[in-house]
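*Asks:* As a plain string of letters, each chain reads:
Number of protein chains: 2
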Amino acid sequence: MKDMLIDFLLSRKKIIEEQLLSYIHELKAPETLKKSMLYSLEAGGKRLRPILVLATMNDYNKNENIGVAVACAIEMVHTYSLIHDDLPCMDDDDLRRGKPTNHKVYGEATAVLAGDGLLTQSFQLIANTPTIDSNTKVRLMTELVKAAGPEGMVGGQVADMEGEAKQLSLKELEYIHENKTAKLLGYSVVSGAILANAPEDDLEKLQLFSYHLGIAFQIRDDILDIEGNEEVIGKPVGSDTYNEKTTYPAILSLDGAKQKLVQHIEAAKSELHNLSIKAHLLEELCDLVAQRDH
Amino acid sequence: MKDMLIDFLLSRKKIIEEQLLSYIHELKAPETLKKSMLYSLEAGGKRLRPILVLATMNDYNKNENIGVAVACAIEMVHTYSLIHDDLPCMDDDDLRRGKPTNHKVYGEATAVLAGDGLLTQSFQLIANTPTIDSNTKVRLMTELVKAAGPEGMVGGQVADMEGEAKQLSLKELEYIHENKTAKLLGYSVVSGAILANAPEDDLEKLQLFSYHLGIAFQIRDDILDIEGNEEVIGKPVGSDTYNEKTTYPAILSLDGAKQKLVQHIEAAKSELHNLSIKAHLLEELCDLVAQRDH
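First to last, the protein sequences are chains A and B.
Under this note's numbering, the first residue of the first sequence carries the number 2, and numbering increases by one thereafter.
Under this note's numbering, the first residue of the second sequence carries the number 2, and numbering increases by one thereafter.
Heads up, a few of these hints could be off.
Any copy, or any two copies together, can satisfy a pair, since identical chains are not distinguished.
Okay, derived cross-link-like pairs now, DSBU-like style, lysine-lysine, Cα gap no bigger than 30 Å in a straight line [stated by the list, open to error]:
| hint | residue 1 | residue 2 |
| --- | --- | --- |
| 1 | Lys29 | Lys172 |
| 2 | Lys167 | Lys105 |
| 3 | Lys206 | Lys63 |
| 4 | Lys279 | Lys261 |
| 5 | Lys172 | Lys35 |
| 6 | Lys147 | Lys15 |
| 7 | Lys147 | Lys35 |
| 8 | Lys167 | Lys29 |
| 9 | Lys36 | Lys167 |
| 10 | Lys172 | Lys36 |
| 11 | Lys259 | Lys206 |
| 12 | Lys14 | Lys206 |
| 13 | Lys246 | Lys36 |
| 14 | Lys14 | Lys105 |
Simulated from the structure, these hints should not be mistaken for laboratory data.
The structure presented is a predicted model; accordingly, all values stated were derived computationally and were not measured.
Let's have the full structure, built from the sequences with the hints guiding it.
*Replies:* Below you can see the structure in the form of structure tokens.
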């Protein structure tokens, strides 16, 4: 990985993480709730979604400052979804990134409410940024609902649960991952492009780019569940097979899944090559997603 | 109750209920999710919050049409909060308004996601109304987050759970009800006033009005738990005592609570009398809250 990309990732991760904590500290809310929200926000992770916002703005040569709040809003939405997904009634996970899940530490009721709180507050981050005009805020919030709500992530999660222990077709599997994963990744890129006043033509291409990136991200996840290093990925290898989850390798074979991953990454990059700008960072992030080991 | 008020309540309830269903039917989302969201939205209730939006607009002599989406958004937020409150990890209720609770019918996972979906979608209702300008939309969403998020309803619910089976002071009890109940009622009135372009002075008075109305609403709830008719209120009388909940009658005695109710209703009305308009409907709704039997 090039030094420039590493610098970008580390410096932006730091900005996002500091800002996320300060948003929660500022809240006038019960301490237990704030601690529980902070616990999951501090649990780390790649911060891929906020980084996509800032990388897109950077590629469009736009000052990234006005994007930080939107980037944090997306990370809050992503974090709420992880807290709710881990609940006993959903995936019933005890560990996330090697740490006890939110409900294991704060109890189920507080975990549900911490998720609800993060989701609600995420809209405030967008609404309160003084440097974004109201029309853009409304557009950003509309797109966020589409990506995160019943027509996006929430719908994908319902489909995912309904598909558990069932043999899914490739089409059904792609519906789940498009909605559960790709739409919020896509929103990260598109919100960055909206904030950078990218041409509407570019927005459509970036939406397609993100679709391919999101599916590639998920295929890589499935491959890591077979070939990954447990200590690096932070969960047991083979958990998909154990949980009878339909995966890309299960449908396409491991080699077939690897081929599919390459195809999606190439399709993603070819969208980038048709943009009005040269998207250096997004292209490098593409390779990162394809090759990541966790 | 006067005929005019009855007409108003029935006709607006019908408009709200029809509109709520059509918002869900339109969604491109998994059928199970839509059914689960519809189930709780259709479960009835007084629709007090949306009616407060439209009543406020009517009192300001403003066409109520542009308020319907905002009124529905508030009812979605209220409904999501009921679904999550009823979960086994929260109040563990099997019945609501005499019908099985959402998780009893659709399972816990879908109930959590139906709540998440309603909360997320509520912002879309505001963002998508073409007759509201963007500045007003952003203001309405900012105020909704304050009322419904960690600094409002979600914070109140955390405090409520932490206070269970504890002897609370009057101050602690009021913190819970102000946040859990009064703030969303207050937002209903204030959003109606914002949509009606009410003077800023009036907004402050309406916020105070709503605080008193919300606390009065809760005191009446506590009194009904002692004196109510089980069939009319739709749940067993005495459940607060059974669940060891701190109530106004427990702190102030039944007579003391009744006095307090009258005081809050009078304080609410006195705020109305200082407005720039004559708030006929809001004043009548005040009496309705004080005297309601369910």
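*Asks:* Between copies, within a copy, both or neither: which fits Lys36 and Lys167 at Cα up to 30 Å?
*Replies:* The answer is between: 21 Å across copies meets 30 Å, while 38 Å in one copy does not.
*Asks:* Can you give me the call for Lys167 and Lys29, within, between, both or neither, at a CA distance of at most 30 Å?
*Replies:* Between copies, since 22 Å is at most 30 Å while 45 Å is not.
*Asks:* I want to check one pair: Lys172 and Lys36. Are their C-alpha atoms no more than 30 Å apart within a copy, between two copies, both, or neither?
*Replies:* Between copies, since 23 Å is at most 30 Å while 40 Å is not.
*Asks:* Please sort Lys14 with Lys105 into within, between, both or neither, judging by C-alpha distance up to 30 Å.
*Replies:* Within one copy, since 26 Å is at most 30 Å while 42 Å is not.
*Asks:* Using 30 Å as the alpha carbon limit, work out where Lys29 and Lys172 are close: within a copy, between copies, both or neither.
*Replies:* between (45 Å within a copy, 16 Å between copies)
*Asks:* Check Lys172 against Lys35 for me: Cα-Cα at most 30 Å, and say if that holds within a copy, between copies, both or neither.
*Replies:* Between copies, since 21 Å is at most 30 Å while 40 Å is not.
*Asks:* Could you place Lys206 and Lys63 in one of the four classes (within, between, both, neither) given a Cα distance threshold of 30 Å?
*Replies:* Close inside one copy (19 Å), not across copies (43 Å); limit 30 Å.
*Asks:* Which holds for Lys246 with Lys36 at a C-alpha limit of 30 Å: within a copy, between copies, both or neither?
*Replies:* between (33 Å within a copy, 25 Å between copies)
*Asks:* At most 30 Å between C-alpha atoms: does Lys167 with Lys105 qualify within a copy, between copies, both, or neither?
*Replies:* both (28 Å within a copy, 23 Å between copies)
*Asks:* Between Lys147 and Lys35, at a C-alpha cutoff of 30 Å, which is it: within one copy, between copies, both, or neither?
*Replies:* both (27 Å within a copy, 15 Å between copies)
*Asks:* Up to 30 Å between alpha-carbons, please classify Lys147 paired with Lys15: within, between, both or neither.
*Replies:* both (28 Å within a copy, 27 Å between copies)
*Asks:* Is the C-alpha distance from Lys14 to Lys206 at most 30 Å within one copy, between copies, in both cases, or in neither?
*Replies:* within (26 Å within a copy, 44 Å between copies)
Checked against the numbered hints above, the structure violates none of them.
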